[in-house]
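Peer 1: All chains, full assembly: derive it from the sequences and hints.
Protein chains: 2
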Amino acid sequence: MAATKIFPVIMSGGSGTRLWPLSTETRPKQFHALGGAKSMIEETALRLSGKHGDIEFLGPIVIAGESHRSLVRELLARSGITPAALVFEPMGRNTAATAALAALVARELDPEAMVLLMPADHLVARPEALIETVRAAAAVASDRIVTFGITPSHPETGYGYIKQGAALGDCVHEVAAFKEKPKLPVAEGYIKEGGYSWNSGIFFFRPDVMLEEFSIASADIRDGAAHALKLATRKDREIGLDPAVFSKVRAEPVDIAVMEKTKRAAVAPCDIGWADVGSWAELWRLSEQDDGQNVVSGSVSVLDATGNLVRAEGIHVSVIGVSDLVIVATPDAVLVMPRDRAQDVKKVIPDKG
Amino acid sequence: MAATKIFPVIMSGGSGTRLWPLSTETRPKQFHALGGAKSMIEETALRLSGKHGDIEFLGPIVIAGESHRSLVRELLARSGITPAALVFEPMGRNTAATAALAALVARELDPEAMVLLMPADHLVARPEALIETVRAAAAVASDRIVTFGITPSHPETGYGYIKQGAALGDCVHEVAAFKEKPKLPVAEGYIKEGGYSWNSGIFFFRPDVMLEEFSIASADIRDGAAHALKLATRKDREIGLDPAVFSKVRAEPVDIAVMEKTKRAAVAPCDIGWADVGSWAELWRLSEQDDGQNVVSGSVSVLDATGNLVRAEGIHVSVIGVSDLVIVATPDAVLVMPRDRAQDVKKVIPDKG
Numbered sequence: 001m002a003a004t005k006i007f008p009v010i011m012s013g014g015s016g017t018r019l020w021p022l023s024t025e026t027r028p029k030q031f032h033a034l035g036g037a038k039s040m041i042e043e044t045a046l047r048l049s050g051k052h053g054d055i056e057f058l059g060p061i062v063i064a065g066e067s068h069r070s071l072v073r074e075l076l077a078r079s080g081i082t083p084a085a086l087v088f089e090p091m092g093r094n095t096a097a098t099a100a101l102a103a104l105v106a107r108e109l110d111p112e113a114m115v116l117l118m119p120a121d122h123l124v125a126r127p128e129a130l131i132e133t134v135r136a137a138a139a140v141a142s143d144r145i146v147t148f149g150i151t152p153s154h155p156e157t158g159y160g161y162i163k164q165g166a167a168l169g170d171c172v173h174e175v176a177a178f179k180e181k182p183k184l185p186v187a188e189g190y191i192k193e194g195g196y197s198w199n200s201g202i203f204f205f206r207p208d209v210m211l212e213e214f215s216i217a218s219a220d221i222r223d224g225a226a227h228a229l230k231l232a233t234r235k236d237r238e239i240g241l242d243p244a245v246f247s248k249v250r251a252e253p254v255d256i257a258v259m260e261k262t263k264r265a266a267v268a269p270c271d272i273g274w275a276d277v278g279s280w281a282e283l284w285r286l287s288e289q290d291d292g293q294n295v296v297s298g299s300v301s302v303l304d305a306t307g308n309l310v311r312a313e314g315i316h317v318s319v320i321g322v323s324d325l326v327i328v329a330t331p332d333a334v335l336v337m338p339r340d341r342a343q344d345v346k347k348v349i350p351d352k353g
Numbered sequence: 354m355a356a357t358k359i360f361p362v363i364m365s366g367g368s369g370t371r372l373w374p375l376s377t378e379t380r381p382k383q384f385h386a387l388g389g390a391k392s393m394i395e396e397t398a399l400r401l402s403g404k405h406g407d408i409e410f411l412g413p414i415v416i417a418g419e420s421h422r423s424l425v426r427e428l429l430a431r432s433g434i435t436p437a438a439l440v441f442e443p444m445g446r447n448t449a450a451t452a453a454l455a456a457l458v459a460r461e462l463d464p465e466a467m468v469l470l471m472p473a474d475h476l477v478a479r480p481e482a483l484i485e486t487v488r489a490a491a492a493v494a495s496d497r498i499v500t501f502g503i504t505p506s507h508p509e510t511g512y513g514y515i516k517q518g519a520a521l522g523d524c525v526h527e528v529a530a531f532k533e534k535p536k537l538p539v540a541e542g543y544i545k546e547g548g549y550s551w552n553s554g555i556f557f558f559r560p561d562v563m564l565e566e567f568s569i570a571s572a573d574i575r576d577g578a579a580h581a582l583k584l585a586t587r588k589d590r591e592i593g594l595d596p597a598v599f600s601k602v603r604a605e606p607v608d609i610a611v612m613e614k615t616k617r618a619a620v621a622p623c624d625i626g627w628a629d630v631g632s633w634a635e636l637w638r639l640s641e642q643d644d645g646q647n648v649v650s651g652s653v654s655v656l657d658a659t660g661n662l663v664r665a666e667g668i669h670v671s672v673i674g675v676s677d678l679v680i681v682a683t684p685d686a687v688l689v690m691p692r693d694r695a696q697d698v699k700k701v702i703p704d705k706g
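Chains A and B, in that order, are what the protein sequence lines are. Residue numbers for the first sequence follow this note's numbering, beginning at 1 and rising by one. Residue numbers for the second sequence follow this note's numbering, beginning at 354 and rising by one.
Treat each hint with caution, since some may be false.
[Stated by the list, open to error] A partial selection of chain A residues facing chain B, derived with a Cβ cut-off under 8 Å:
1) L229
2) I315
3) V322
4) D332
5) L335
6) R341
[Unchecked claim] Taking lysine to aspartate or glutamate and the EDC-like style, the derived pairs with C-alpha atoms no more than 20 Å apart in a straight line are:
7) K346(A) - D657(B)
8) K179(A) - D276(A)
9) K699(B) - D304(A)
10) K616(B) - D496(B)
11) K347(A) - D657(B)
12) K179(A) - E260(A)
In case anyone wonders, no lab produced these hints; they're calculated from the structure. We put the CB at the ideal spot given by N, CA and C, even for glycine.
Peer 2: Okay, structure coming up:
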């Protein structure tokens, strides 16, 4: 049997303000090294490459913001990644538009290939488990759109949940229900009851299946994306979507535009060491800590300090005698706060100009 | 009676590493605004200018490091200060050499004028009291070298002390003894006993008196300074000392080279609101605090934070929920520490290169 060919489609649209001052509009989170040696977008592309038994990844399709065009080019090139296509959105229109573009561009490049649609800014600590889940998803994808469901480690209130329905195959289930971000008692109930996964925002599908479901559930988004693609500027592998057309595409998450409406949704529960690194506190927790429980990177001097995340990029940071702080410095800005205030970052980002 | 003409001689030789990362070799403390709106060297020069009754300040003589030549020029110019002379030391040879240069250059410019020798990096909160003390010192300076003695506010162990002897005039005493930096019980004894002042490093003298005492106590330093001055490059008001000669001048504090040996030492006890801003903690204490007991300067965002010194120069700093910290950021480096660890700064200054 021939290998299953898959286009990794890497969504690089996030702005990541919770990781300010490292993550900025000019260079959001996915263009920085967080939890890996290379930038998250490179790590994501490298993770989804090569042949793994009966699974073969083709060159990635990257869908990113137009303002990050040269950054995307540069980062992929420095890791020797040859993309199948680079699609640039003149503005963000949420993930439904991106998913439609993923299906349209993949089908254009190779109508037989599958799509693994994945954000550029997620950590996957167990890539071998990711491949296993892709394999399981591929087995049902002739007729299903498969969401990767993360096995919850705790009753997180920051993610949506997916309730698993009847088994469709090895490690793949029908979706019984999508659940909004729950209150804590509800989340605790999900964990206790079992059979729930976090909604990761990772999808596996055949392009034509996704496009059919768009036609049923949100045809306008599919048509808008197709039109913006038709009028796009194209050079080499780069596609610049038409701004006038794309700006009018309805902005909606793919979960709402398609997944909650389609009858062909499936969920593949998996334990892939997933994290979306949603805050500095979470990065501290996920990272290897030194003897003083500090997580330190860049040019940093530390004396008598414990439990801190200290990150210096293009600037030196010296720290004496403090505990449990987040200290992040770039040539533009410095952030100092206790780890347990990490959710308040947005309140102290200065206005631009 | 004609006014007493005085050359302020401003010693700008300090390196101020305790105020890193703001203060650096390239731009030490005296070239920054600390406790005033302008840089300390400008504040010092502006404070010692103009006519005050029978006291008339001439243009200042600034003695600074050769590497700071353009910085000194620039800062004086922007405050409209016209120096009588700028003397540049190719390397630091401690304050005795500087005091000899002060006397030699002042005598050359105007043999009738007195010298007020003062470090560029001291705060004087009560300039009117400084003028009063100058007046008192001038009254005895025909035959005396007058040290300004700061009335102690607490038993500080970081300064030398001067024991006052017999009164020489209004607010001027003979020096009974110079005392090294004392242990705390000794300092407490001085305060209890009374009649002791902190040794400020501010001196008032007639150039010929100082030069005579150099001839008696440390003739080699006087001769070395005179030789370096003779071979100096001169252009406009700028004097660049000869490096080969000046490097061989004996490096010693003027207190030891002259003051502890001369029989003509006097002390003028005064309460001029003096501070040498020896640490970030001291700057916090000396500065006006806001409602949250924070001392903030530069582009800073503060949320739920109390008792901090936050200083941003050429970079933005955002602070959430921390207390009693020193946070200082420049485009090169960031320092974060509790205020009570301020004396440990030197331990975390990174090596250059």
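Peer 1: All hints are to be evaluated individually against the structure, with a verdict given for each.
Peer 2: Evaluated hints:
1. With 8 Å as the threshold, the beta carbon of L229(A) stays out of range of chain B, its nearest partner Cβ sitting at about 40 Å, so the hint is violated.
2. Because the closest C-beta pair between I315(A) and chain B is about 6 Å apart, less than 8 Å, the hint holds.
3. With 8 Å as the threshold, the beta carbon of V322(A) comes within range of chain B, its nearest partner Cβ sitting at about 6 Å, so the hint holds.
4. Annotation: interface hint on D332(A) holds; nearest CB of chain B at approximately 7 Å, less than 8 Å.
5. Because the beta carbon of L335(A) sits about 5 Å from the nearest beta carbon in chain B, less than 8 Å, this interface hint is met.
6. Because the closest C-beta pair between R341(A) and chain B is about 5 Å apart, less than 8 Å, the hint holds.
7. With a CA separation close to 14 Å, the supplied pair K346(A) and D657(B) stays within the 20 Å bound.
8. As the CA atoms of K179(A) and D276(A) are separated by approximately 19 Å, the hinted pair is consistent with the 20 Å bound.
9. A hinted pair counts as satisfied when its Cα atoms are at most 20 Å apart, and K699(B) with D304(A) qualifies at roughly 14 Å.
10. Simply put, K616(B) and D496(B) have alpha-carbon atoms about 10 Å apart, close enough for the 20 Å limit, and the pair holds.
11. Annotation: proposed proximity of K347(A) to D657(B) holds, straight-line Cα distance about 11 Å (limit 20 Å).
12. Restraint check for K179(A) and E260(A): the C-alpha separation of about 10 Å stays at or below 20 Å, so the hint holds.
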